[in-house]
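From these two lone chains plus the hints, build me the complex, please.
Line by line, the protein sequences give chains A and F. Using this note's numbering, the first residue of the first sequence is number 412, and each one after it goes up by one. Using this note's numbering, the first residue of the second sequence is number 5, and each one after it goes up by one.
Keep in mind that the hints were calculated from the coordinates and are not lab data. Zero decoy hints are in this set.
PhoX-like, lysine-lysine: derived pairs with alpha carbons at most 25 Å apart: (1) K573(A) x K508(A); (2) K511(A) x K10(F); (3) K511(A) x K6(F); (4) K573(A) x K511(A); (5) K416(A) x K99(F); (6) K290(F) x K205(F); (7) K205(F) x K99(F); (8) K416(A) x K205(F); (9) K506(A) x K573(A); (10) K670(A) x K100(F); (11) K670(A) x K99(F); (12) K542(A) x K254(F); (13) K254(F) x K62(F); (14) K506(A) x K10(F); (15) K10(F) x K508(A); (16) K573(A) x K6(F); (17) K6(F) x K506(A); (18) K6(F) x K508(A); (19) K10(F) x K573(A).
Derived list of chain A stretches under chain F, where covered just means 3 residues or more per stretch with a C-beta under 8 Å from a C-beta of chain F: (20) 525-531; (21) 548-560; (22) 586-600.
All C-beta atoms in this analysis are idealised placements derived from N, C-alpha and C, irrespective of residue type, glycine included.
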Amino acid sequence: MKHFKRLGSGLIYLYAVAALLPLIWMFLSSFKSDGQIAQNPLGLPTHFDLSVFKQSWSDGGLGLYAINSFIVTLATVVIVLFTSSMAGFALSRLKFKGNKLITGLFLLGLLLPIQAYFIAQNQMFDYFHLKDTRFALIIPYTAMGLPLAIWLVKTYIDSLPKELFEAARIDGASDLQTYRTLMLPIIRPALINVIIFTALGAWNEFLLALLYIQNESLKTLPAGLLTYSSRYETNYQLLFAALTMVTVPMIVLYIAFNKQITRGLTQGSLKG
Amino acid sequence: MKPSSKSGLLFLLFPALAIYLFAVIAPFVGTLGLSFFRWDGYARPTWAGLDNYIRAFKDQVFQSTFIHVLIYILVTLVVEVLLGIILAGFISSRKKTTFLRISLFIPVMLPSVVIAVLWSAIYNPDYGILNSILADLGLANLQHVWLGDPATALLSICFVSGWVYSGFFMAIFVAAFSRLPSEVIESAALDGAGAYQIFRKIKVPMIQQSTSVAILLCITGGVQGFDLFYVMTNGGPYNTTEVPTTYLVKTVFANGEIGYGSALAILISLVGLFAALGFRTWQSRKQEELEY
Numbered sequence: 412m413k414h415f416k417r418l419g420s421g422l423i424y425l426y427a428v429a430a431l432l433p434l435i436w437m438f439l440s441s442f443k444s445d446g447q448i449a450q451n452p453l454g455l456p457t458h459f460d461l462s463v464f465k466q467s468w469s470d471g472g473l474g475l476y477a478i479n480s481f482i483v484t485l486a487t488v489v490i491v492l493f494t495s496s497m498a499g500f501a502l503s504r505l506k507f508k509g510n511k512l513i514t515g516l517f518l519l520g521l522l523l524p525i526q527a528y529f530i531a532q533n534q535m536f537d538y539f540h541l542k543d544t545r546f547a548l549i550i551p552y553t554a555m556g557l558p559l560a561i562w563l564v565k566t567y568i569d570s571l572p573k574e575l576f577e578a579a580r581i582d583g584a585s586d587l588q589t590y591r592t593l594m595l596p597i598i599r600p601a602l603i604n605v606i607i608f609t610a611l612g613a614w615n616e617f618l619l620a621l622l623y624i625q626n627e628s629l630k631t632l633p634a635g636l637l638t639y640s641s642r643y644e645t646n647y648q649l650l651f652a653a654l655t656m657v658t659v660p661m662i663v664l665y666i667a668f669n670k671q672i673t674r675g676l677t678q679g680s681l682k683g
Numbered sequence: 005m006k007p008s009s010k011s012g013l014l015f016l017l018f019p020a021l022a023i024y025l026f027a028v029i030a031p032f033v034g035t036l037g038l039s040f041f042r043w044d045g046y047a048r049p050t051w052a053g054l055d056n057y058i059r060a061f062k063d064q065v066f067q068s069t070f071i072h073v074l075i076y077i078l079v080t081l082v083v084e085v086l087l088g089i090i091l092a093g094f095i096s097s098r099k100k101t102t103f104l105r106i107s108l109f110i111p112v113m114l115p116s117v118v119i120a121v122l123w124s125a126i127y128n129p130d131y132g133i134l135n136s137i138l139a140d141l142g143l144a145n146l147q148h149v150w151l152g153d154p155a156t157a158l159l160s161i162c163f164v165s166g167w168v169y170s171g172f173f174m175a176i177f178v179a180a181f182s183r184l185p186s187e188v189i190e191s192a193a194l195d196g197a198g199a200y201q202i203f204r205k206i207k208v209p210m211i212q213q214s215t216s217v218a219i220l221l222c223i224t225g226g227v228q229g230f231d232l233f234y235v236m237t238n239g240g241p242y243n244t245t246e247v248p249t250t251y252l253v254k255t256v257f258a259n260g261e262i263g264y265g266s267a268l269a270i271l272i273s274l275v276g277l278f279a280a281l282g283f284r285t286w287q288s289r290k291q292e293e294l295e296y
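Pulled out of the complex, with its shape left as it was, chain F reads as follows (with noise of 0.2 Å):
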């Protein structure tokens, strides 16, 4: 349909274009832009060329940022969406799972602040109820300084950032277990297949498309992820915590290097982009070599 006023086609874009473009599309331009400048945000900027690329490559915190990161989503993707196939295979065999179903995604509604001050205090040293319960159970051995000693600080995390998405994962998989056609199941489950088996050999290969949407979600999250790092160890100890993201943010302000945190900013945007492209096209691949 040809818009019945060129005035009133304008009224319907405009607002949303003109608050887009200022808050987003320039911002992002002018990102691109700085990331080839040195600016401390108050002298000149002056132009730099590739240097604060070059720089970003050499920078080998930087570097250890992307390995924390790596470890950080090969943890919760095995954590997260294995738990949350899991869940949701039991959730979508039963009946009256409401209790479940809610109780398991609550954390994901809950502001990340407020998770990321709670374990805090759950890990604390010193009124924390972790180390109250290895205690109790007889393991006080296993007490540990849980954010503050360099050998469990990532997988502490890692562990909270499981706490909440395996709940949003199952819903996830529990809404995909719903579409699927209930004849199938039902014909196997006649031929004599136990529960298991039809959630193994029949349901699971069934979803493969929300799994693979799931192991995107998760690699883009982690690449994106700043607020449980921040509040509970801000990089620390040692910078064993350090994530691409925290390190940006110390770069451009706590030390005002606006020109090499751009550079950084551009990189890490297109790290988490080549990755998620990178597991689409291996998944189409794979998806053509079956279907050959």
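Excised from the complex, chain A in its bound form (with noise of 0.2 Å):
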């Protein structure tokens, strides 16, 4: 039994070894030549010449699309905190009519895909000269965020005992008072997953990015990336630089906070 108990460990290990392959020789071809690439895939680099990283970051626009991305991440998170958090708040505490129909209305967008709306804003979005800003992915991505949002955080509030909020009524606290002090501190757990599936889904999302932006100086990382490949298809070094660029920080970030990540994301999915 002992030893098969062993052996399972020794398995698993060498299969999650196997795993991470593919980002090991990544990282390593990083540092090869293109020569070297190609005629031993599986060689150890000879040296460690960090140019290649600028060379991608800056001439290969790399760092331009990174910058793209972080406006664009930290406008959706920034928007959808704010927007969920009141919107959940008022749907979760607070009684007036037609609050079941805005609950149903923001559940049905759990239920749709992406294919069932993006048409149609593809072409409201070329009506209002929305494509090419940034505005064209901020402001999709905060609305696709907000469901699962403002589900999080008004089943999050459900579970709060009532008197609390009513304490603060009696105090003569107005609802966006009762909002600013009392409630944003306490649904803090709810907020760091909100964060966590809308930072990481406007980062990674690629369909929007691919329609909406043609303009070089604006694409995210995702379509900027796609081009860079394109541009650079036989230029492997380079293309391996960039890759590793975009990884290892995500990587260095997923180690540092790997329970709240796995625990945004998999909530993240949960929906419904």
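Written out as structure tokens, the structure reads:
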């Protein structure tokens, strides 16, 4: 039995290392010349020259893509945080005509795949001259993040004791005051999940980024990387350098916050 | 509680509602409406009634995309959910699993474009590692132009999806296992049940709800899958990896058939929805049968 368990352990570690191989190969290849990559794909790099990263970042335009992704992601997260916490609070605690209808409307968003609306959205954004602006991404990313964010905030507040809010009301606080001073601090745990899946969703989104932004200087990382990879199709080292530069910071970030990120992402998908 | 003031309520609700109505609900209604018109995006749209839908049902390429996506869903379902649950079983019965949990989950958070470009390189016949590894193992006769060969392209993409999402489902199952009451497992262990028996007879049946959710995610995620297919093969070779979403994007953005594309979009959304609903009903029926 003991041997069996040890064999199992060995196998699973072997599997984990095999699963990491693609990333390790990517990392090592970014230090190899094109010739070395083509002739000896499995070989180790002979020297570690960092200038290729600089070249990929500035000449290749990766830096610009990264900045664009950062701006779009940050704007999306901030807007989703405020609008979803306000709406989630109102829908959870306040009785008014139309509450159920609005809640249902947001729940519908959990069921609608992006295919159900992006064609007319594209036409609308054309009509309003939103395409090739950052708003063409910030607006839909926000709208797509809202249903789940509101749902998470609402169910979180639903689970809190009613007395908390009634006491604030008796003390003469208005709803806006209650939201700002009492609610925002309390719902932090729910908001951390909202931040994680909204940020990763916006950072990684590809379809709309591909369709709505043609201007090179506004492209975000996913769509930018695609242009980059066709531009440097035969320039293997630059391709791997770009992939490494996108991947390594995300891995570091994940190692630092792995518990929160895993929870945020799994919860983010367990909608409905 | 009644709102303290109407304006306060409006202030809380309006921003979220406005953005959502503008960017999701209105375009959804618009897409639904467009699906009944013939429109190239420039000239005046003309009423088409159900023509677009009738054409979709006769469109053989569109039909084949559902066969491809069905294969994709079945393969990823088996690979991802099964592997995920086995990995989770190992991890939850051990201590010190941080390295495993982290290394297997990393691909999940990376942009799918990065993954698609990286794996295109791995599959590349000129400098990719897959063919060189095969050669080094003396299996050169297994070498392929992985993404360019109709026989291997679809499965090669399934494999990439498996590489990414088995870690994701593992995380879901690890969370589910950790919520199980430890007394049940401990008493089974006291009764002499081995680790495998506990896993198979107690742990897996007890997390049935999570398994259902995982299967549901696999189905809906499969129908909506786009990024890997678009970047790695864009439907080729010879349409063998054409899935509903890549065909949809081609119809609308390469051929400019907005009305027809809208009908395809609505059908794709409905198929996803019905597949999910169908699975749910089947699940709850099965549950009821078990209870009686």
